[in-house]
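As you go down the protein sequences, you meet chains R and D in turn.
Residues in the first sequence are numbered consecutively from 11, following the working numbering.
Residues in the second sequence are numbered consecutively from 9, following the working numbering.
Each hint should be verified, as a subset may be incorrect.
Distance condition first, Cα-Cα at most 25 Å in a straight line; then the derived DMTMM-like pairs of lysine to aspartate or glutamate [claimed, not checked]:
#  : chain 1 : residue 1 : chain 2 : residue 2
1  : R       : Lys140    : D       : Asp27
2  : R       : Lys58     : D       : Glu65
3  : D       : Lys84     : R       : Glu113
4  : R       : Lys57     : D       : Glu66
5  : R       : Lys140    : D       : Glu110
6  : R       : Lys18     : D       : Glu66
7  : R       : Lys169    : D       : Glu12
8  : R       : Lys58     : D       : Glu170
9  : D       : Lys124    : R       : Asp142
10 : R       : Lys58     : D       : Glu26
11 : R       : Lys58     : D       : Glu110
12 : R       : Lys228    : D       : Glu110
13 : D       : Lys121    : R       : Asp142
14 : D       : Lys24     : R       : Glu131
15 : D       : Lys84     : R       : Glu131
16 : D       : Lys124    : R       : Glu131
17 : R       : Lys140    : D       : Glu188
18 : D       : Lys123    : R       : Asp116
Here are the computed distance ranges between Cβ atoms for each label pair [stated by the list, open to error]:
#  : chain 1 : residue 1 : chain 2 : residue 2 : range
19 : R       : Lys224    : D       : Arg187    : 36 to 46 Å
20 : R       : Val64     : D       : Glu40     : 54 to 64 Å
21 : R       : Ile153    : D       : Lys198    : 34 to 44 Å
22 : D       : Ala88     : R       : Ile157    : 28 to 38 Å
23 : R       : Ile128    : D       : Ser35     : 20 to 30 Å
24 : R       : Lys140    : D       : Lys198    : 34 to 44 Å
25 : D       : Lys198    : R       : Leu226    : 37 to 47 Å
26 : R       : Ile153    : D       : Asn146    : 50 to 60 Å
Think of the hints as simulated: they come from the structure by calculation, not from any bench.
For glycine and all other residues, C-beta sits at the position ideal for the given N, C-alpha and C.
One-letter residues, chain by chain:
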Amino acid sequence: MGFEVLLKGTNFIRLLQGLWVALRISLISVGISIVLGIILGTLMSLKKPVITAVSRVYLEIVRIMPQMVLLFIVFFGFSKAMGLNLPAEASAIIVFSFWGTAEMGDLVRGCLISIPVIQYESSYALGMSKTDTFIHVIIPQIIRRLIPLSINLITRMIKTTSLVMMIGIVEVLKVGQQIIEANRKSSPHAAFGVFATVFLLYFLACWPISRLSKYLEKRWS
Amino acid sequence: MSTEKEILKVEHIYKKFEDLSVLEDISLTVHEGEIIVIVGPSGCGKSTFLRCLNGLEETSEGHIFLDGEAVNPLSKNITAIRQKIGMVFQSYDLFPHKTILENVIMAPVLVQKRKKDEVKAEALKLLERVGLSSKINNFPRQLSGGQKQRVAIVRALIMHPEVLLFDEVTAALDPEMVREVLDVMLDLAKQKRTMLIVTHEMAFARAVADRVIFLDGGHIVEDSDPKQFFDSPRTERARKFLSTFEFEEK
């Protein structure tokens, strides 16, 4: 079936290292996206015409452009044009953060405007200050709505990191291909075993996260 | 009644939303222990009036004084003033992420810096009084509308306000739950609390009011005792308004 190649030498360890590269890119990008997304979403909820217009263009660009095209633009186009020697992993993090910030921003905006005005007012009516209202009434409610949604974004990011091998990053899928190539003669059917293992690794990375999201959604609904 | 201390004084307030004039030249003095029921057709400015009293709405002109202190939503001491005016809303608006007990004790602990144990003990006593001691660890979504509204009343009471504002607190409730909330308010009336109540429950208004104020088109059209208002209203507008609550076979 081709699983035996994984037991040869350091093949399986290399696959795990590849998985770590994928996870590292996505986790760093998610971290950046959450911070920038909260800022962007808060700005968008203010309904200032200029911010609304700019953010709408930004969101549309992210929605329309395939992530792969963005990767190529940043890694091959942008860094050449600007004379920067941007490493592939940095390019990937930039693209994923660019994408994630847009999606997080939209989620944060949606959560913010979904909190009814009367929640603020009934807190003010109790003598709570604006700051206390935000900290104790509004933010906890936003977090409860936001976490399940952003977890969904994290799993999508992890899956999409398979694209970064197109700009030369050796992540789990690329390692898998390398193992298959190197063992073409000795185990011609390695492809099934290797890709099945890659599939399993993605599954093991994403499944607990998506279970957590389901659990939190249930607990907080 | 006039020998009692003046607690709330409203002087010639106006409220405009852009060109729409909602309140026009409203003046009112409320004495300690007085229960004022405000009635009027929908859109007459009743809710806006209550919201001006605790500074949720800024008045366009005029002044409001609580215990001689000006109510101004932009001033720094507005949070101090709001602690003296409790408000209960039509849609209860409990905080969904907190349990019933947490809903009640949050503001006294955070805002008034009272000891948590002391506040908790008082919360339990008040919740028991409104028949909800078994619900303290539940979340608002697990309660019926009437139960939520009783919690909202307790949440306002625990701040020890000098004045309580009730904004159509039974209007969103199913008919069979109206009574349990009105009973709680009746109990407060017996304790001689100062209250301003906006309501459409005319029988209740008649039972608890010391004064009835009839608002129409942003004006105080009548300000009289309940017997006079309900039995022989002075104005045609009040008569017409009251007749909408009668249901006679013709």
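How the hints compare with the structure:
1. For the given pair, Lys140(R) sits about 29 Å from Asp27(D) by alpha-carbon distance, which is inconsistent with the 25 Å threshold.
2. At roughly 23 Å between alpha-carbon atoms, Lys58(R) and Glu65(D) fall within 25 Å of each other, so this suggested pair holds.
3. This hinted pair does not check out: Lys84(D) and Glu113(R) have alpha carbons roughly 38 Å apart, beyond 25 Å.
4. About 22 Å separates the Cα atoms of Lys57(R) and Glu66(D), which keeps this hinted pair within 25 Å; it holds.
5. Note on Lys140(R) and Glu110(D): the hinted pairing holds, with a Cα-Cα distance of about 19 Å set against a maximum of 25 Å.
6. Taking the CA atoms of Lys18(R) and Glu66(D), the gap is near 76 Å; set against the 25 Å cutoff, the hint is violated.
7. Between the alpha carbons of Lys169(R) and Glu12(D) the distance comes to roughly 73 Å, so the proposed pair goes past 25 Å and is violated.
8. Under the criterion of a C-alpha separation no larger than 25 Å, the hint pairing Lys58(R) with Glu170(D) is inconsistent with the structure, at around 40 Å.
9. Taking the CA atoms of Lys124(D) and Asp142(R), the gap is about 17 Å. The hint holds against a cut of 25 Å.
10. Between Lys58(R) and Glu26(D) the CA atoms are separated by roughly 20 Å; this keeps the pair inside 25 Å, and the hint holds.
11. Only pairs whose Cα atoms come within 25 Å are accepted, and Lys58(R) paired with Glu110(D) is rejected, the gap being roughly 36 Å.
12. Our distance criterion of 25 Å between C-alpha atoms is met by Lys228(R) and Glu110(D), whose separation comes to about 21 Å.
13. Of the pairs offered as hints, the one joining Lys121(D) and Asp142(R) holds, with about 13 Å between alpha carbons and a cut-off of 25 Å not exceeded.
14. For the proposed pair Lys24(D) and Glu131(R), the alpha carbon gap of about 20 Å is at most 25 Å, so the pair holds.
15. For the given pair, Lys84(D) sits about 17 Å from Glu131(R) by alpha-carbon distance, which is consistent with the 25 Å threshold.
16. Using a Cα cut-off of 25 Å, the hinted pair Lys124(D) and Glu131(R) holds, with the two alpha carbons roughly 24 Å apart.
17. At roughly 33 Å between alpha-carbon atoms, Lys140(R) and Glu188(D) are farther apart than 25 Å, so this suggested pair is violated.
18. Note on Lys123(D) and Asp116(R): the hinted pairing is violated, with a Cα-Cα distance of about 41 Å set against a maximum of 25 Å.
19. Remark: the range hint 36 to 46 Å for Lys224(R) to Arg187(D) is upheld by a beta-carbon distance near 41 Å.
20. Evaluation of the 54 to 64 Å hint for Val64(R) and Glu40(D) yields a pass: the beta carbon distance comes to about 55 Å.
21. Between Ile153(R) and Lys198(D) the Cβ separation comes to about 43 Å, which falls inside the hinted range of 34 to 44 Å.
22. A beta carbon spacing of about 36 Å between Ala88(D) and Ile157(R) agrees with the range 28 to 38 Å that was offered as a hint.
23. For Ile128(R) and Ser35(D), the hinted distance range of 20 to 30 Å is satisfied, since their beta carbons lie about 28 Å from each other.
24. Under the hint 34 to 44 Å, the C-beta atoms of Lys140(R) and Lys198(D), about 37 Å apart, fit the expected range.
25. A hinted range of 37 to 47 Å for the beta carbons of Lys198(D) and Leu226(R) is consistent with their spacing of about 46 Å.
26. Roughly 21 Å separates the CB atoms of Ile153(R) and Asn146(D), a value that falls outside the hinted 50 to 60 Å.
Checked against the numbered hints listed earlier, the structure breaks hints 1, 3, 6, 7, 8, 11, 17, 18, 26; every other hint is satisfied.
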